Amino acid sequence: MNTFLEQLNSGRVLISDGATGTYLQSHGLEPGGCPELMNADAPAVVRQMATDYFAAGADMVETNSFGGSRYMLAKYGQGERVEELNRLSAQNARSATPDGKFVIGSIGPTGEFLEPNGTATEQEMLDVFCEQARGLADGGVDCFCIETMSDMMEMSLAIRACKKTTGLPVFASLTFDQGPRGFFTMFGITPVGAVEQMSKAGADVVGSNCGITIAQMIDIIAAMRQATDKPIITHVNAGIPKIINGRIVYPDTPDYMANLYPKLVEAGAGIVGGCCGTTPEHIRAIANVLNNGN
Amino acid sequence: MPELSDVHNEFIRAEIEEFILDENEQRHIVQMYAKISPQMQDIAATIIDGDNHLSDELTKKALDGGVEAIQIMDNGLIAGMAIVGIKFRENFIFVPEVLACARAMKAGMAHIEPILSAAGIEPIGKVIMGTVKGDLHDIGKNLCIMMLRGAGFEVIDLSVDVSPEMFIEAFEQNSATVIGMSALLTTTMPNMGVTIEAFIDEGLRDDVRFMVGGAPVTPEFAEDMGADAYGANAVECVEVAKRLAGETQTATA
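First to last, the protein sequences are chains F and C.
Numbering follows my numbering, in which position 195 of the first sequence is assigned residue number 195; successive positions increment by one, without gaps.
Numbering follows my numbering, in which position 19 of the second sequence is assigned residue number 313; successive positions increment by one, without gaps.
If you're looking for bench data, these hints aren't it; they were derived computationally from the structure.
All values derive from a computational prediction rather than experimental measurement.
Warning: the hint list may mix true and false statements.
Said to hold, decoys possible - Pair by pair, the computed Cβ-Cβ distance ranges are:
hint	chain 1	residue 1	chain 2	residue 2	range
1	F	I248	C	G360	50 to 58 Å
2	C	I364	F	D41	53 to 61 Å
3	C	G360	F	Q226	55 to 63 Å
4	F	E80	C	A413	45 to 53 Å
5	C	E466	F	G118	44 to 52 Å
To be verified - A few chain F residues that face chain C, going by a derived Cβ cut-off under 8 Å, partial list only:
hint	residue
6	M186
7	F187
8	I240
Built from N, CA and C at the ideal position, the CB exists for glycine as well.
Start from the sequences and build out the full structure, keeping to the hints where you can.
Quick look at the structure:
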């Protein structure tokens, strides 16, 4: 059995890392710049990010490859560097990973819609995910985390691509909005429906990330827990961005968030981390609260 | 006062009953549909159902039968979209379904637009759309453009990574009065405000209305950066664009 799944099944809550984009932005990434290019151009920063998250208490870090699909990299003129940049993202993280800790290959949305809503065909999108998964696997990831998805078709193709390419465990995480009739993705998937469909598509771990506040995420995780026995992963934003003293900030402090993480765990999450706006300080506070509680 | 039973089309009656739950809103929609001919209701139904083939066929048939293009647009296509918008707002349908409705709308408008423009009838408004400087994300913007075009707007799409200078140039070259700006990243969102500032510096701010949207954008941000309106999604974008285009028409009249 994969050692990651062994740890997960031991019943201990595993702590994932915080935001990648937020970290890179405060370490030299220009507004709108291509984060994945830093795997090649500023590897020391990417490695330091992993080091900082592990030092804060993370059991795993995600690779800097969220926008590492051919579709996304092509927007920056880097479409021919998919395998290289993904491989480097994994190698950078791996080089900072202590024994017994893990590297998770991050795969985000392609930014394209499948036919008939957009122009991408299923085969094209599958190939694009296979290419990214191959790069990440070559770099030595332990698992994949397909995240921030809203279209189940795209999610299913990504899961299939990861499984087809490597057989490593796959986490599948969707982003929900709260509307007048509850939580839905942009494509109309509910948390319960998502769990069923992601499990059917072959995900080993299911979950949700981004988009909403921690209070809302607790409700989503609880709903998912009712629908599955699989481990649940969540990465939560540091709130909804606000303007404070003329600057855009994510308002939820490490202490505020950390105090709510036991509830997230109680609701059913087995792997917890931070999404947009969270920092190593958030992860440190979360690790403190959860480890003291264990 | 017209009743639901006064709406001729059975499919539309069922849609109203199932999805338009607010009493006032239901009354308003029933009143609107009670005045619409059975033939135009059939066209509206193709939009609600997202059936682009039938929308194409029925629109053409109505035109061939002598119905005025503008009648078909207002009482068929746009009336259908009114129900689509409510269903979307209330979480009964989502982006894929709305896109199917937009495709049905587009299929109908393809017959209507050339006739309107030959008759010298202006589109309901002209909108310049772009994702702001530094930001290469375009899904949200493209959804808005599809919906705007579906609703009869002429849209000038400046694509992504659009600098303030490019917005100004497009504004000066086109007689558009509404500019829509999109951003996905918190780090590029401030470029919306920078663009509005640039219009102020050029003395053009009073001639244009800005609407903004995108994942990190909130009504609070919109107000802070000096935008005229915020839209939470592509359906709201159309409503906002109509309102802003109306304001500028009144202002210049």
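Inset, instruction - List in ascending order the numbers of the hints, as given earlier, that are violated by the structure. - result: The structure breaks only hint 5.
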